[in-house]
Amino acid sequence: MTSSKKIGITLGHTPYGSDLAQEALDATLAMGLFGQDITLIFWGDGVFQLLKSQNSESVHQKSLEKQINAFELYDIERVFVCAQSLEQRNISTSSLCTDAECLSPTEIQKVLSTQDTLLSF
Amino acid sequence: MTSSKKIGITLGHTPYGSDLAQEALDATLAMGLFGQDITLIFWGDGVFQLLKSQNSESVHQKSLEKQINAFELYDIERVFVCAQSLEQRNISTSSLCTDAECLSPTEIQKVLSTQDTLLSF
Amino acid sequence: MIFSLLVLSPPSSQASSSAYQFANALLLQKHRLYRVFFYHDAAYNGSSIQCIGQGEFDVAKEWDKLQQQHSFDSVVCIAAGLKRGIINKVEALRYEKAAHNLRNGINLSGLGELADATVKSDRLITFGG
Amino acid sequence: MIFSLLVLSPPSSQASSSAYQFANALLLQKHRLYRVFFYHDAAYNGSSIQCIGQGEFDVAKEWDKLQQQHSFDSVVCIAAGLKRGIINKVEALRYEKAAHNLRNGINLSGLGELADATVKSDRLITFGG
Amino acid sequence: MSHSILHTVNQSPFTHSALQQCLCYAQESDSILLLENGVYGALLKHSLADKLSGKKCYAIEADLKARGLLGQELTPHIELIDFIYFVELTTQHKLVQSWY
Amino acid sequence: MSHSILHTVNQSPFTHSALQQCLCYAQESDSILLLENGVYGALLKHSLADKLSGKKCYAIEADLKARGLLGQELTPHIELIDFIYFVELTTQHKLVQSWY
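Chains as they are written, first to last, in the numbering used here: chain B, 1 to 121; chain F, 122 to 242; chain S, 243 to 371; chain W, 372 to 500; chain U, 501 to 600; chain P, 601 to 700.
Hints were generated in silico from the structure; no laboratory data involved. There could be a bad hint or two in this list.
Said to hold, decoys possible - Over the 12 Å line for every Cβ pair with chain U, so calculated as not near, a few chain P residues:
1) Glu628
2) His646
3) Lys655
4) Lys656
5) Lys665
6) Leu674
7) Pro676
8) Gln692
Stated by the list, open to error - Some, not all, of what chain B presents toward chain U, calculated at C-beta under 8 Å:
9) Thr10
10) Gly44
11) Leu103
12) Ser104
13) Pro105
14) Ile108
15) Gln109
16) Leu112
17) Ser113
18) Gln115
19) Ser120
All values reported here derive from a predicted model rather than from experimental measurement. Ideal placement from N, C-alpha and C gives every residue a C-beta, glycine not left out.
Required output: the full structure, derived from the provided sequences and hints.
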């Protein structure tokens, strides 16, 4: 049971309004360090976490970009972003800081259903 | 300046999801005790604070109804509720626990503009 | 089944009380509660110096009672706790703070405990907002 | 002009940092800051035992510095503070708590101070969310 | 049932998009549980209410009661439950997604 | 100007109704300031954006910068400002209403 657990982490909140997104990514990296099989899903306002050129020094906060860039180091390779959420927010995929795979809500449903557990951030 | 200040208190949040509404009404009564000229405006999800038959014991919280019933005791007589917010939430005025005066958004604009200061809850 | 809870909400939010009620209900049904992990603003639930009025619902005290009856693991994330001022004696010494306020029965520990709980539990339920 | 601020947000919310930045900006412009009233989850801003990492922005410390320069009144609402575990020595004794954690320079006081600030200030600005 | 998701929603649909988003990703076989401020969803009419009625939908009765909603006209087909049943729902579904 | 209201909005319009509600009660002569998550309002197109463009609208530049929005196509007629100017706006308006 332990070694093969598929853990889906869903990220739905904006990056700097509170430190929830920051702490969610900290938790994600900790799960990665723990050797778990992790799938990340950015949807809703969570897609804003992936925007490039974030300069969080201007609001005295740590950047999320460091953590997002560390995904590979921690063997977190399945990173998905909701295409519909991007479209509703007028964000093009060329504006993203990482090459997350764009999925439709229906495709996201399928990804969710293959997980063994979900952490909702 | 001190004796004649008109203070508008706007209440826009739900009653029990957090204790913000509770604390907002505590602040309102304190302002009343201080002898200020107070106008209350319930709008948005704040109109839910005025629903009758709230039984907050079932979620282990204090009821807002006591505070709302205390308005008169504290000489808080101008209590307005947004008619449009009620309508959007499918709440009829007969469901309210106090006889707040229903105003349209345009009428609320006029009430706001006669205040000297606003507290936004 | 084995459950763990991830709690993200401060005491002022009803979600922290829902988490408690969920824990209570699952234990009543003879499920097992492996760990409650307090993270983000839920770290504030770990304070030992909250002064709740008589007759008011004291979630912290209810958690204590439940834990004494059922001995599950209760953790405040150390990173979340430190920056919010929820600390134990060791950290108070390390950071040269004049007081500490972590409740008895709660551990201040790392995110590895969340990962461990996720792996070891059949269900992990998130309480946020 | 004379300003007062009503702050409702915990340190984890950007609104608490916006309140500080607003206070800083108004004082730079030679306006007067009469009182900052920390209410609701903003009471947590009054903790003296928050452990902020080096190089990270410590809003509490920034408030301290600003207050030392400009000596405005800083109040945590006593009712909001007590239930959240932000207390001074007097309240710790009264409630038989083993620790107290209210920052120096901040008063634990009642809602009358908010009413007073509202009356005595030309502008009262709310920072919530 | 065992491969489906239980979605919990605890925000008011009149100010927050949590329920709307939940409905966007919920499958036919999924269930939805309204709790805390989420129970204001039981006042919905029209489009969102129709979508809600299309799924298996539950709401915590104590939360409706606290908010004075039991006397109101509620969206049809919402089953009122307690925390014991909430726990049972989490055992009947493989996954739980919390929307807040 | 002196009898008008400065409305501050600090929630994302994509998940929260704060901006929409603000626009419902704001008069012609009122001003709107987007800050914190409110600055995502500068990404709006269509109906809400049109309403926003009809008012005097400001946004905190540091908040746009932090969120990586300065390179994006922004709603026209939003003036980018700092906290010094925010303070000035509060002195130029008689009232401030915070939407959050």
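Self-check item: Evaluation of the interface hint that places Leu103 (chain B) against chain U, nearest CB under 8 Å
Solution: Where the cut-off is 8 Å and the nearest Cβ of chain U is about 11 Å from Leu103 (chain B), the hint is violated.
Quiz prompt | Hint check: 8 Å Cβ-Cβ cutoff, Leu112 (chain B) to chain U | solution = 6 Å, holds
Quiz item: When the nearest CB of chain U is found for Thr10 (chain B), is that gap smaller than 8 Å?
Solution: 6 Å, holds
Quiz prompt | Nearest-CB test (12 Å) between chain U and Lys656 (chain P) | solution = 25 Å, holds
Quiz prompt | Proposed interface contact between Ser113 (chain B) and chain U, which counts if any beta carbon pair is under 8 Å | solution = 6 Å, holds
Quiz item: Can the hint on Pro105 (chain B) be confirmed by a CB-to-CB distance to chain U that is less than 8 Å?
Solution: Holds: closest Cβ of chain U sits about 5 Å from Pro105 (chain B), inside 8 Å.
Self-check item: Assertion that Glu628 (chain P) lies farther than 12 Å from chain U (Cβ)
Solution: The claim stands: Glu628 (chain P) keeps its Cβ more than 12 Å from every Cβ of chain U (closest is about 25 Å).
Practice problem: Just double-check Lys665 (chain P) for me: nearest Cβ-Cβ distance to chain U has to come out over 12 Å. | Solution: 25 Å, holds
Quiz item: Is the nearest Cβ of chain U still more than 12 Å from the Cβ of Pro676 (chain P)?
Solution: 25 Å, holds
Quiz prompt | Check on His646 (chain P) being off the interface with chain U, judged by Cβ distance over 12 Å | solution = 17 Å, holds
Self-check item: Hint validity - Ser104 (chain B) Cβ closer than 8 Å to any chain U Cβ
Solution: 10 Å, violated
Quiz item: With d taken as the least Cβ-Cβ distance between Gln692 (chain P) and chain U, does d exceed 12 Å?
Solution: 29 Å, holds
Consistency with the previously given hints fails for numbers 11, 12, ordered from lowest to highest.
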